[in-house]
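Just so you know, the sequences run in chain order G and C.
Mapping the first sequence onto numbering that gives the first Met the number 0, position 143 (from 1) lands on 142, and the numbers just tick up by one.
Mapping the second sequence onto numbering that gives the first Met the number 0, position 132 (from 1) lands on 131, and the numbers just tick up by one.
The hints are simulated quantities; they were obtained by calculation from the structure and are not laboratory data.
Don't take every hint at face value.
Stated by the list, open to error - Dumping the calculated BS3-like pairs for lysine-lysine here, alpha-carbon to alpha-carbon at most 30 angstroms: (1) G:K72 / C:K373; (2) C:K232 / C:K285; (3) C:K15 / C:K118; (4) C:K232 / C:K373; (5) G:K72 / C:K15; (6) C:K285 / G:K72; (7) C:K26 / C:K232; (8) C:K114 / G:K72; (9) C:K373 / C:K225; (10) G:K72 / C:K18; (11) C:K18 / C:K183; (12) C:K26 / C:K15; (13) C:K285 / C:K373; (14) C:K26 / C:K118; (15) G:K72 / G:K4.
Note that the structure is predicted; figures quoted are calculated from it, not measured.
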Amino acid sequence: MSETKTRVPAVPGLFTLEPEVALVGSRCSDCGSYFFPREQVVCRNPRCRSSHLEACELSRAGKLWSFTSSAYKPPPPFVAPEPFEPFALAAVELEREKLVVLGQVVRGVLPEALRVGMPMQLTSEVLEESDSQVLMVWKWAPSGAASIEAKR
Amino acid sequence: MSQVVILGAGMHPWGKWGKSFVEYGVKAAELALKDAGVEWTDIQFVAGGDTMRNGYPGYVAGATFAQALGWTGAQVASCYGACATGAQAIDTARARILAGLCDVALVVGADAAPKGFFKPNAGDRPDDPDWLRFRLLGATNPTYFGLWARRRMELYGATPQDFAAVKVKNARHGLENPNARYRKESSVEEVLASPIVSDPLHLLEICATSDGGAALVLCSEAFARKRATEFIKIAGVSTVTPSYPSSVIEMPNLATDSWAGAALPERSFRDSIAFTAYEQAGVDPKDLDLAEVYDLSTALELDWYENIGLCAQGEAERLIRDGDTAVGGRIPVNASGGLACFGEAVPAQAIAQVCELTWQLRGQAGARQVAGAKLGVTANQGLFGHGSSVVVSR
Numbered sequence: 000m001s002e003t004k005t006r007v008p009a010v011p012g013l014f015t016l017e018p019e020v021a022l023v024g025s026r027c028s029d030c031g032s033y034f035f036p037r038e039q040v041v042c043r044n045p046r047c048r049s050s051h052l053e054a055c056e057l058s059r060a061g062k063l064w065s066f067t068s069s070a071y072k073p074p075p076p077f078v079a080p081e082p083f084e085p086f087a088l089a090a091v092e093l094e095r096e097k098l099v100v101l102g103q104v105v106r107g108v109l110p111e112a113l114r115v116g117m118p119m120q121l122t123s124e125v126l127e128e129s130d131s132q133v134l135m136v137w138k139w140a141p142s143g144a145a146s147i148e149a150k151r
Numbered sequence: 000m001s002q003v004v005i006l007g008a009g010m011h012p013w014g015k016w017g018k019s020f021v022e023y024g025v026k027a028a029e030l031a032l033k034d035a036g037v038e039w040t041d042i043q044f045v046a047g048g049d050t051m052r053n054g055y056p057g058y059v060a061g062a063t064f065a066q067a068l069g070w071t072g073a074q075v076a077s078c079y080g081a082c083a084t085g086a087q088a089i090d091t092a093r094a095r096i097l098a099g100l101c102d103v104a105l106v107v108g109a110d111a112a113p114k115g116f117f118k119p120n121a122g123d124r125p126d127d128p129d130w131l132r133f134r135l136l137g138a139t140n141p142t143y144f145g146l147w148a149r150r151r152m153e154l155y156g157a158t159p160q161d162f163a164a165v166k167v168k169n170a171r172h173g174l175e176n177p178n179a180r181y182r183k184e185s186s187v188e189e190v191l192a193s194p195i196v197s198d199p200l201h202l203l204e205i206c207a208t209s210d211g212g213a214a215l216v217l218c219s220e221a222f223a224r225k226r227a228t229e230f231i232k233i234a235g236v237s238t239v240t241p242s243y244p245s246s247v248i249e250m251p252n253l254a255t256d257s258w259a260g261a262a263l264p265e266r267s268f269r270d271s272i273a274f275t276a277y278e279q280a281g282v283d284p285k286d287l288d289l290a291e292v293y294d295l296s297t298a299l300e301l302d303w304y305e306n307i308g309l310c311a312q313g314e315a316e317r318l319i320r321d322g323d324t325a326v327g328g329r330i331p332v333n334a335s336g337g338l339a340c341f342g343e344a345v346p347a348q349a350i351a352q353v354c355e356l357t358w359q360l361r362g363q364a365g366a367r368q369v370a371g372a373k374l375g376v377t378a379n380q381g382l383f384g385h386g387s388s389v390v391v392s393r
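My request is simple: use the sequences and hints to build the entire structure.
Here it is in structure tokens:
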């Protein structure tokens, strides 16, 4: 990929890439509930109803709740690399936030390499490139694999 | 509570017919009216199940069907609740009847579905989780089915053979159903030899998209008594939403609720769906004779066994292995053949489930008849938190 293109989140506001990739959620300062994507108006806990919601970065590590794969090319608006290669998806439970977040698994890691309960780490990869930018997305990687991936 | 009578049921056969959804709905409505022995001009209220895929007529399905059948001045509602659309339409008509606002109502749902994966509405819509999941993750509906299936394998020791056995059972049930799209037996080997779509689920374990239509004529007990002495009744309808926090990852969301700030509810969303209808009807799941559940995937049918109270959590594999849920077994599930044989026609499917229970409870289900059926339940779930369950009794 071209060195001159800037790397940006494929959808602004959901996650940041600097200084390292992190999902941007929000936390209710009254009841402690977390939300992803960010909730900004009112806490969704019906017994709280607070409007004190602060943006926060979610934990970058968690445990694999479950996993699967996409063996057929998903329809638009997903832009699949050609030729299409099956990829894995992971639902990861975050200990501190007590919620489960879905994401693609890094390229090259398929379901055979995954087990429910294993530690997972947040990382990022290219989703697609436009003429001027590299659009990035968050991904999950088995812990240990993430550091290797980041050096690519 | 006073009950609402199911006077008539009708379906357009499901498949890929290449016609307008209006045609499917009108055909189903005409069959339901004929079955009820009621004229279209006698119908006081029409509830249509909306479809989002067929332009403006689809968004105003109640009026679209009413116009196609011929304007009569009947009152109308158009309902949408994703896969629970049919339950919304049934509930709306039932509430009108129970409130004494009308005596007899027609409920219709129909769809003409596209080929392949469902995808979000057009346009860049980053505020729509349905758009986000496709755009960023390529997370199709089978992705979620795969997550739930893998979780079952891990927690309860489900095997690929258990999942395949659900398809084998439903395919056998659907053989004798003239409204079913697929009428062909499957073997476990055949299912497991079909390509993986979303690990661990194979092509033959994930329901197709279909065209189809289903309709019901509902009326008050007083109206029904003028015509017959024995009838099939709707004893409960649940359109329940989840209770916060909901901890299972559900279509189309990127994440679950957080349980850091509030305790998990006593019942999960899926557990609450049928139980809300049971409570309304005053029945216990152990008294059921049969159930029609939403088998988007084979593995999901096993989840429903537990969610609707046919067995305790983790025991669904035993039910399928023992043949309990096959016709002839202790508690047959999806005697119609289910979505495995029908495929999805979104606004019609919750209505179609009630059609099947109606025919079963009348003893009109032919070779797939569940002997002596008197009490049945349907279960279904619509995107964005629409519960859908109907208890039907003799």
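Hints versus structure:
no. : hint            : in the structure
1   : G:K72 / C:K373  : violated, 45 angstroms
2   : C:K232 / C:K285 : holds, 19 angstroms
3   : C:K15 / C:K118  : holds, 18 angstroms
4   : C:K232 / C:K373 : holds, 10 angstroms
5   : G:K72 / C:K15   : holds, 22 angstroms
6   : C:K285 / G:K72  : violated, 43 angstroms
7   : C:K26 / C:K232  : holds, 23 angstroms
8   : C:K114 / G:K72  : holds, 14 angstroms
9   : C:K373 / C:K225 : holds, 22 angstroms
10  : G:K72 / C:K18   : holds, 27 angstroms
11  : C:K18 / C:K183  : holds, 24 angstroms
12  : C:K26 / C:K15   : holds, 15 angstroms
13  : C:K285 / C:K373 : holds, 13 angstroms
14  : C:K26 / C:K118  : holds, 28 angstroms
15  : G:K72 / G:K4    : holds, 27 angstroms
Violation of the numbered hints given earlier is confined to hints 1, 6; the remaining hints are satisfied by the structure.
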